[in-house]
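Undergrad: Take a look at the letters that make up each chain.
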Amino acid sequence: MQIFHRSFNTISKASIVGLVLLLVAIGAAATAMFRSPYATRATEPITQPVPFSHKHHVNGLGVDCRYCHTTVETAAFADIPPIETCMSCHSQIWVDSPMLEPVRRSFRTGEPLEWVRVHDLPDFVYFDHSIHVNKGVGCVTCHGQVDQMPLTWQQNSLYMEWCLECHRQPEAFVRPRDKVFDMTWQPPRDQLALGRKLVKDYKIRSLTDCTTCHR
Amino acid sequence: MDKEQKPLDLAALRERLKASNGREYWRSLEELAQTPEFEEYLHREFPEQASMWDSAVDRRGFLRLMGASLALAGLGACTTQPLEKVIPYVRPPEHLIPGKPLFFTTAMTLGGRAIGLLAESHMGRPTKIEGNPSHPASLGPTDAFSQASVLSLYDPDRAQVVSQRGRIRSWSAFQLALSSEVAGFKNNGGRGLRLLTESVSSPTLQAQIQDWLKLYPQARWHQWEPVHQDSRVQGTRQIYGRALNFFHRLDQARVVVSLGSDLLCEPVTGVRDAGDFAQRRRIGDPAKPEMNRLYVIESTVSNTGSVADHRLAVKPSEIEPFANALLEALQSGSESTGGARSTAADTDKHQRWIAVVARDLAAHRGESLVVAGDHETAHVHALAHRMNSLLGNIGKTVVFAETPEPAPAVMTDSMRQLTGDMAGGRVDTLVIIGSNPVYTAPADLGFAQHLGKVRLKVHMSPYVDETSRLCDWHLPQTHFLEEWSDARAFDGTATIVQPLIQPLFQGISPHELLAVLSGPPQSTHDIVRSYWQKSRPGPDFERFWVKSLNDGVIEGTQYAEMQPAATTAAGDQTGQPSAVSRQQPPARDASTLEIIFRPDPSIYDGRFANNAWLQELPKPLTKLTWDNAVLCSPALAERLELANEDVVELQYRGRKVKGAIWIVPGHADGCVTVHLGYGREAGGRVVEGLGFNAYSLRTADSPWSGSGLVVKKTGERYPLACTQGHWSLEGRTNVRSGTLARFREDPDFAHAAAAHHPPASLYPEYDYRGENAWGMTIDLTACLGCNACVVACQAENNVPVVGKVEVARQREMHWLRIDRYYTGSLDNPEVVHQPMLCQHCEKAPCEVVCPVAATVHSSEGLNEMVYNRCVGTRYCSNNCPYKVRRFNFLQYSDQSSPSLQLLHNPDVTVRDRGVMEKCTYCVQRISAARIEAKKEDRPIRDGEVVTACQAACPTQAIVFGNINDPNSKVAKLKKLPLNYGVLEEELNTRPRTTYLAGLKNPNPELESET
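Protein chains in written order, with our numbering: chain Y, 1 to 215; chain A, 10001 to 11010.
These are computed hints drawn from the structure, not numbers from a lab. The structure displayed is predicted, hence computed values, not measured ones. All C-beta atoms in this analysis are idealised placements derived from N, C-alpha and C, irrespective of residue type, glycine included. Be aware that one or more of the hints could be misleading.
Label-pair distances were calculated between CB atoms; the ranges are [stated by the list, open to error]:
#: 1; chain 1: Y; residue 1: R66; chain 2: A; residue 2: T10873; range: 44 to 54 angstroms
#: 2; chain 1: Y; residue 1: I46; chain 2: A; residue 2: S10897; range: 49 to 59 angstroms
#: 3; chain 1: Y; residue 1: L192; chain 2: A; residue 2: P10898; range: 44 to 54 angstroms
Using the sequences and the hints given, assemble the complete structure.
TA: In structure tokens, the structure reads:
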């Protein structure tokens, strides 16, 4: 006696295949979501206590990165400028702007401003700006075109796989040292040829040991 | 461990040791006896309790929890990081680059002597201490106490407020209350006004006290320090008529005799002495090896004794006769048998010893040194001075110097006078600074009892301790990293003690208190600065001040060297006590036991008792943590049928205390040692209820030893947390040692025992031909086992403490441990100290078993541990033949006490529960050096990367560097024939950390004895 109808053969086969496909699809979706800006917060402008615009200061006024991020060439931390730096201009211009009141208040009272971190690596990662800048990694390579950001956002995922893209193949990303702070530099057509030359000239090593970043 | 433990059959052990041929190394008596307990330790990766389920949750509940956590585990990864703030300065401080540490010179004082330090500051937080290379007491390295001082700074248990009989008051309320008191003393010249301090090494504070005494001529200044140097002061007084300062130059000495002195590991002064000693200890050119020779006569066990070429263990009462006999032998000329007329050194062995030592000393006139221990009698000191004078060592290996400040007080007399006056009602107001006399004063003086008769009692100390509880006012004292001061080193060199941080807990400095006692309040900075301004008048003071701060030493402040003139007849040849007049010591009955009091090797006189790093630091020879014990010789334990951890009652001069027994091979027979500093009743969460109070037995007339002790077995047992059996390496030979003579004969002796077969490996070869390949050598000849490296590692690498219960479960977290091996007889074994840390094997057994690749190999040969990948299988630890991996069984790192968060080194991850960790070769320092070198486009220089343990090592036993560079120091050391890798031949692990076999330089005339 037959309990199940013949069509159940097809249905069961289909559902087995379907289940596998479903699992694969869920996995793929999860992976995609893990890498998506939803999870990485990339390209999401961050609200700050003062709506500071890199676009205005860098693109509009032509202020160099290092005017504010003073230690980017010497230390691990690129430094968030002290209020004193803001006030070096804003004690002269836009002195009455209500938008800048938190800055002036901070300068008056000595109470620091609390900015929200845009690029926040996990605490077990020890990143050093100075060595990257010295070896020809441009600001734009990691931070994107900051000069086009009215409010700053994180351009890249900052995932380890993203770091390793360059650590495994630095020649694909490095640029001449004098172009590091250039916001508009575009890699040439033969970037790999240029990269290989720079890797040789700057003695860049592809460091992929765990302790390069984790310790 | 509460089950009845049979005392070990020590007689059988002796037989076994005698029968064994060749060198057999053992770490504990249990190991030697192969007791079931020890076997269990050995065969389980973690001892019984470690895998025991001691939670209230039952099995079902546990499985339910496990299921739920497994289901939820994945979800944890789905959360995004919380938004973090970044807060810049409003006006940045000068010189500060965020993320880069700054180093400031400062100094720490202990027992009246200072060691110059460099304190590392991260964004205003002092996190690590290094030695100041320009300071004479340090020359770069440090001791364990200075390394641990940063933890004391952030200790949340420190006194945080001014209080009056337990009620919170303010500093200004205290000043107001005091000013009305002071007004009264103005009229009577300060009668009844007393000041009690510890030994004062600060010239400014000295001057302040002298000024205060001028203001109140009837007032008195008393000094008390439980670990005092009275004998040192009295010894020079006996010989030279006045108290003189003197110190040693061990780099000039070829033969050193220690009469009960732990000179190489004395707190503070031992750092320089050990460094100087090691200079002469290293063989130098392997073709023409030379070594100094060290004889130690001592009662208890000390690090100096453990590295001696010849060590004689005698009862404390025998040291003085021994010194007498040695002087006699020296006087009667090296040709005679010496000591023939000696009355007390009565055994043949002692006589032979004396004759041989005297001959050796006489053969090295001007290059020898006799050192009397701070804990011996004044007479022994006087004898040592006479011997050094006779040997022409004065001005060569012993240097005398003039001190500008008044001579140090004889503290016991000072304390006796104070308590006498207190008892007689002659003390109205007592101001105590820094000291804890209720706990530390000699028991027979009854300080606590007489304190009640004092009307007004003011106490300033870092903790609310036993004394504070009996005083009217308590003032929180600043830590040396919080406030300005100055301090003198052993040779007089002054250093400005520079603060690195504002007082964390509203602390007040002794300078401020003194200012308030004698006039209007002043800031400490002004007080110290104006003192030096007075001593350096002139327009260029600012430059002098800045230079002194920058260098960490003040130019021209060393004491002037002098040639002391003996007041006793120089030509006196008898050497009898008539020449060096003295009071008779209390008669010692040879039939009773003697008791020895010593400062604890980890917590000193008790002042570091609330420092968990020091509490958990295994004590150098006993390897005990978190407790003191009654140390005795195996022979005594045998006679009294005592086993380790048996509680005994010590009855001594009508006072009693109970403590647990610990048998120490090499301890002199007929006496027991107790360490001071435990048995505290107040002073922080860490200290209370640990060990027993040895001060309660200690009397003023014989502070360091005495006879008439009765040891009574109580039948109770007390568990001690001892680490010596932990991390055992099943019967494998890890240490290799020999003698200088053997080395001369056969430079390759260290490799003779092991069959050297060409290593073959199934694993693929790594390519190490890159720029750097890191390696380390540790010289077992130079290692004293002083523990400075262990604490330095703990401070540098954010290593947590686990507590006594967890230590007993073998869960201590130290990345670097010092294994102490015995070899030879049970009663006076030879000792080898071996620092053991991750060996960074080129063929690492741990790497191949990790299922998640959390421990991997770097291109520079480091064995890397990636905390974030670790899932805690512990396979790696199981497979590590060196047992150097540590697992966070629980959440050991304190992430809740706010002040302790400031302590962490920001360059090293703070590990959580469930993660394996181990020595990284201080990879954060390698990274920092690499980045700097690459920015300057040059290779990393030799000596640019200094690991924390290496930097702290007083004898420079640890050397680290690039083995690919044939000119690096480490590469050269690795070429020495003494160089060997632990288990290299057996397991082919190819460790990057290698050892230089330990050498001793015994006198051939005495060799048959050891």
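Undergrad: Work down the list of hints and note, for each, if the structure agrees.
TA: How the hints compare with the structure:
1. Y:R66 x A:T10873: 44 to 54 angstroms: The hint (44 to 54 angstroms, Cβ to Cβ) holds, given that Y:R66 and A:T10873 are roughly 47 angstroms apart.
2. Y:I46 x A:S10897: 49 to 59 angstroms: violated (32 angstroms)
3. Y:L192 x A:P10898: 44 to 54 angstroms: holds (52 angstroms)
Comparing the model with each numbered hint stated earlier shows that hint 2 is the single one that does not hold.
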